[in-house]
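Protein chains: 6
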Amino acid sequence: MSTVKLLEDHELPPASAEVFADIRATRKTDFVNNFWRTLAHDPVLLKRTWESAKQVMAPGALDPLTKEMIYIAVSVAQSCEYCIRSHTAAARAKGMTDAQFMELIGVVGMAAETNRLALAMQTPVDEAFKGV
Amino acid sequence: MSTVKLLEDHELPPASAEVFADIRATRKTDFVNNFWRTLAHDPVLLKRTWESAKQVMAPGALDPLTKEMIYIAVSVAQSCEYCIRSHTAAARAKGMTDAQFMELIGVVGMAAETNRLALAMQTPVDEAFKGV
Amino acid sequence: MSTVKLLEDHELPPASAEVFADIRATRKTDFVNNFWRTLAHDPVLLKRTWESAKQVMAPGALDPLTKEMIYIAVSVAQSCEYCIRSHTAAARAKGMTDAQFMELIGVVGMAAETNRLALAMQTPVDEAFKGV
Amino acid sequence: MSTVKLLEDHELPPASAEVFADIRATRKTDFVNNFWRTLAHDPVLLKRTWESAKQVMAPGALDPLTKEMIYIAVSVAQSCEYCIRSHTAAARAKGMTDAQFMELIGVVGMAAETNRLALAMQTPVDEAFKGV
Amino acid sequence: MSTVKLLEDHELPPASAEVFADIRATRKTDFVNNFWRTLAHDPVLLKRTWESAKQVMAPGALDPLTKEMIYIAVSVAQSCEYCIRSHTAAARAKGMTDAQFMELIGVVGMAAETNRLALAMQTPVDEAFKGV
Amino acid sequence: MSTVKLLEDHELPPASAEVFADIRATRKTDFVNNFWRTLAHDPVLLKRTWESAKQVMAPGALDPLTKEMIYIAVSVAQSCEYCIRSHTAAARAKGMTDAQFMELIGVVGMAAETNRLALAMQTPVDEAFKGV
Numbered sequence: 001m002s003t004v005k006l007l008e009d010h011e012l013p014p015a016s017a018e019v020f021a022d023i024r025a026t027r028k029t030d031f032v033n034n035f036w037r038t039l040a041h042d043p044v045l046l047k048r049t050w051e052s053a054k055q056v057m058a059p060g061a062l063d064p065l066t067k068e069m070i071y072i073a074v075s076v077a078q079s080c081e082y083c084i085r086s087h088t089a090a091a092r093a094k095g096m097t098d099a100q101f102m103e104l105i106g107v108v109g110m111a112a113e114t115n116r117l118a119l120a121m122q123t124p125v126d127e128a129f130k131g132v
Numbered sequence: 001m002s003t004v005k006l007l008e009d010h011e012l013p014p015a016s017a018e019v020f021a022d023i024r025a026t027r028k029t030d031f032v033n034n035f036w037r038t039l040a041h042d043p044v045l046l047k048r049t050w051e052s053a054k055q056v057m058a059p060g061a062l063d064p065l066t067k068e069m070i071y072i073a074v075s076v077a078q079s080c081e082y083c084i085r086s087h088t089a090a091a092r093a094k095g096m097t098d099a100q101f102m103e104l105i106g107v108v109g110m111a112a113e114t115n116r117l118a119l120a121m122q123t124p125v126d127e128a129f130k131g132v
Numbered sequence: 001m002s003t004v005k006l007l008e009d010h011e012l013p014p015a016s017a018e019v020f021a022d023i024r025a026t027r028k029t030d031f032v033n034n035f036w037r038t039l040a041h042d043p044v045l046l047k048r049t050w051e052s053a054k055q056v057m058a059p060g061a062l063d064p065l066t067k068e069m070i071y072i073a074v075s076v077a078q079s080c081e082y083c084i085r086s087h088t089a090a091a092r093a094k095g096m097t098d099a100q101f102m103e104l105i106g107v108v109g110m111a112a113e114t115n116r117l118a119l120a121m122q123t124p125v126d127e128a129f130k131g132v
Numbered sequence: 001m002s003t004v005k006l007l008e009d010h011e012l013p014p015a016s017a018e019v020f021a022d023i024r025a026t027r028k029t030d031f032v033n034n035f036w037r038t039l040a041h042d043p044v045l046l047k048r049t050w051e052s053a054k055q056v057m058a059p060g061a062l063d064p065l066t067k068e069m070i071y072i073a074v075s076v077a078q079s080c081e082y083c084i085r086s087h088t089a090a091a092r093a094k095g096m097t098d099a100q101f102m103e104l105i106g107v108v109g110m111a112a113e114t115n116r117l118a119l120a121m122q123t124p125v126d127e128a129f130k131g132v
Numbered sequence: 001m002s003t004v005k006l007l008e009d010h011e012l013p014p015a016s017a018e019v020f021a022d023i024r025a026t027r028k029t030d031f032v033n034n035f036w037r038t039l040a041h042d043p044v045l046l047k048r049t050w051e052s053a054k055q056v057m058a059p060g061a062l063d064p065l066t067k068e069m070i071y072i073a074v075s076v077a078q079s080c081e082y083c084i085r086s087h088t089a090a091a092r093a094k095g096m097t098d099a100q101f102m103e104l105i106g107v108v109g110m111a112a113e114t115n116r117l118a119l120a121m122q123t124p125v126d127e128a129f130k131g132v
Numbered sequence: 001m002s003t004v005k006l007l008e009d010h011e012l013p014p015a016s017a018e019v020f021a022d023i024r025a026t027r028k029t030d031f032v033n034n035f036w037r038t039l040a041h042d043p044v045l046l047k048r049t050w051e052s053a054k055q056v057m058a059p060g061a062l063d064p065l066t067k068e069m070i071y072i073a074v075s076v077a078q079s080c081e082y083c084i085r086s087h088t089a090a091a092r093a094k095g096m097t098d099a100q101f102m103e104l105i106g107v108v109g110m111a112a113e114t115n116r117l118a119l120a121m122q123t124p125v126d127e128a129f130k131g132v
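Residue numbers (my numbering), protein chains in the order written: chain A, 1 to 132; chain B, 1 to 132; chain C, 1 to 132; chain D, 1 to 132; chain E, 1 to 132; chain F, 1 to 132.
A hint or two may mislead.
Which copy is meant is left open, so a pair is good if it fits within one copy or across any two.
[Unchecked claim] Here are the simulated DMTMM-like cross-link-like pairs (lysine to aspartate or glutamate), alpha carbons at most 25 Å apart as the crow flies:
| no. | residue 1 | residue 2 |
| --- | --- | --- |
| 1 | K94 | D126 |
| 2 | K47 | D22 |
| 3 | K5 | D22 |
| 4 | K47 | E11 |
| 5 | K5 | D126 |
| 6 | K94 | D63 |
| 7 | K5 | D30 |
| 8 | K54 | E18 |
| 9 | K47 | D63 |
| 10 | K47 | E18 |
| 11 | K28 | E51 |
| 12 | K47 | D126 |
| 13 | K94 | E8 |
| 14 | K54 | E8 |
| 15 | K130 | E18 |
| 16 | K47 | D9 |
| 17 | K28 | E18 |
| 18 | K130 | E8 |
| 19 | K130 | D30 |
| 20 | K28 | E8 |
Because the hints were derived from the structure by calculation, they are not lab data.
Start from the sequences, fold in the hints, and give me the full structure.
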């Protein structure tokens, strides 16, 4: 059903198995979701993507739940079902309430609408917004 | 330069002038940015969009700065320069730091990348993420 | 400024010059806009695109102005400034009023918003809409 | 299957039940499609979206069928299956013929193609199209 | 399941049957995939699309496999499942290896990410890249 | 003009200066383009993006020019002017001819068009394309 085979644990290239071990240790669960099982065909791409995800989604100037909600917003704006579903699950696991989710999608919808209005009218950027 | 003329205050249809008055009162500033000056040709659309924006961006289950960052994320994912610039300015006015902005765009970039990876591989949604 | 040079009339490959002659004859004007002047580097691509445009935009089950408005809607949804501007000019030349343009962009904005809401909620398609 | 539960009539928050009553009265049918059943979790968002839809899609400078076709065009350009299917059904209910639908998608496809050509070549906007 | 009926061979309009004959002769197989079976409702659109596809995908300055990979890249960036699947199959039939496919999607993901970073930062185009 | 200041060499955080040294050594030129000068505000994001770019764009199962053309295709499909211009320059530096560029954009345009046609018709995926 995927364009590359979903790999079971016993089918992993050794370098991918190492990344899976780190995913399990980091997330403290045996469950490894399908995204990594398709990416595992290419151990270099798998490792780079996982290391990036760990770094990008770690607490920093923004908290992890805010980051998950931003992730959902982009995934909706780009029409990626897998990503909408997996990151909505992740956000809920990090405490996102139903009320927060509905407000999140309200903002996404409003932004989508005004993006198109501004583009259609080719509204010129105000001097005050011209940046640094 | 826009596809509809930017309206100066003295050119506003009366119903649009009323909305401008509310924008100024709500934001406590005389400045009305170009988005509203292009939209003002259609008082009904202007009023509906302004009322929606007030409602959607108000503090609720999410705080206003988080909402601005979600707005930026969508605007980037949809390639709207006007919206990126105006909402980056708005987020900064609400306290967004440089570090927060750079983390925000890091998440946006990561989401954009993994969206495309999941789509290319047509990764099937895990049972665990199938939703409610 | 473009990624391929804008070709003046005297720089056209002969096969592109023939297409330009047909553009002028069909549109009854000497003006040939920049889109065709960049495409003219590849006479085969130029001819194919022009022939397609003539066929697609001709009156048929839909009238030419409706077609121009659909063209604008897509160009806005895909963030193409050149196309927004050139087809807005074309639609105006075919009689689009300011009121029609503002309603058009109202629909585009509304559609953009509800698209994102439906995607975010992963609303399942109703049986009644499952198609033929 | 959706990321928020589809609400049956007896599960609606009271404020959402009121909106459903108006949807039924306005459309003169008991059928309320799934989009509203997912949105119903947030009565404020539901009401705002429904009121906007009524206003935007009402006859005005453009007729309702033209508006439905513009809606479909945007939904296709933004890859929203739910919206493509629900608005195709709506357009057919308003009289869209097969020939009109095929012409509509011909224009959408042509616009999608030339959007990308113009972007790839970074064709500069003609002075004649620079707007108002 | 589609918005227009999939046409079986015996249901084809005569002009569409002629195009199907050419598809079969050109591809040296009796199999005609569903894309053409939905498009066949409109013989003019079918013929134009098929003739364009033959011309665009033919060997030229780029080889057919490179063209298929570019096709996949666009289809991923635009979220079209049908096109991702059909052109991945086509690329494999033309010799694309698993390693090539994984590198292709690595590039697509990287491009998607840096596109969004550049847009978010509104990085100005370097003089050196300003084009011809 | 950008939303974050373009950093000159003497303004770089030390960790970003190290990355710039590697960019110069790897590319064998003193020129560092603006993308990196905006990203340099965040040394971690800068380093991660540069290391990824080096890895992804290196010769492998696909040659570097093919990778640049795929990069351009995605950038066009996502409307990123900076990326279209910088990667077109990069592809030309790697030997892309005018004829190759025009064929590339021909494929991008064709893919963009058929993506939308397949989506509009909701063409079901053929069994033969259902993947592995």
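Homo-oligomer pair classification [D30, K5; C-alpha up to 25 Å]: Intra 20 Å, inter 28 Å, cutoff 25 Å: intra-copy only.
Status of D126 relative to K94 across identical chains (alpha carbons, at most 25 Å): So K94 and D126 pass the 25 Å test across copies only (18 Å; inside, 38 Å).
Within, between, both or neither: K47, E11 at alpha-carbon 25 Å: within (17 Å within a copy, 32 Å between copies)
Intra- versus inter-subunit Cα pairing at 25 Å for K28 with E18: For K28 and E18, only the intra-copy Cα distance (15 Å) is at most 25 Å; the inter-copy one is 35 Å.
25 Å Cα threshold - placement of D30 relative to K130: between (49 Å within a copy, 19 Å between copies)
Identical-chain pair category, K54 with E18, by Cα at 25 Å: both (15 Å within a copy, 23 Å between copies)
Copy assignment of K94 with D63, given that the CA separation must stay at most 25 Å: Classified as both: same-chain Cα gap 10 Å, cross-chain 17 Å, threshold 25 Å.
Same-copy or cross-copy closeness of K5 to D126 [CA-CA at most 25 Å]: Between copies, since 14 Å is at most 25 Å while 50 Å is not.
Alpha-carbon proximity context of K5 and D22, limit 25 Å: within (22 Å within a copy, 34 Å between copies)
Homo-oligomer pair classification [E8, K54; C-alpha up to 25 Å]: within (22 Å within a copy, 30 Å between copies)
25 Å Cα threshold - placement of E18 relative to K130: Classified as neither; 47 Å inside a copy, 28 Å across copies.
Intra/inter-copy verdict for K28 and E51 if alpha-carbon distance must be at most 25 Å: For K28 and E51, the Cα distance is within 25 Å only inside one copy (16 Å; across copies 28 Å).
Going through the hint list in order, the structure does not satisfy hints 13, 15.
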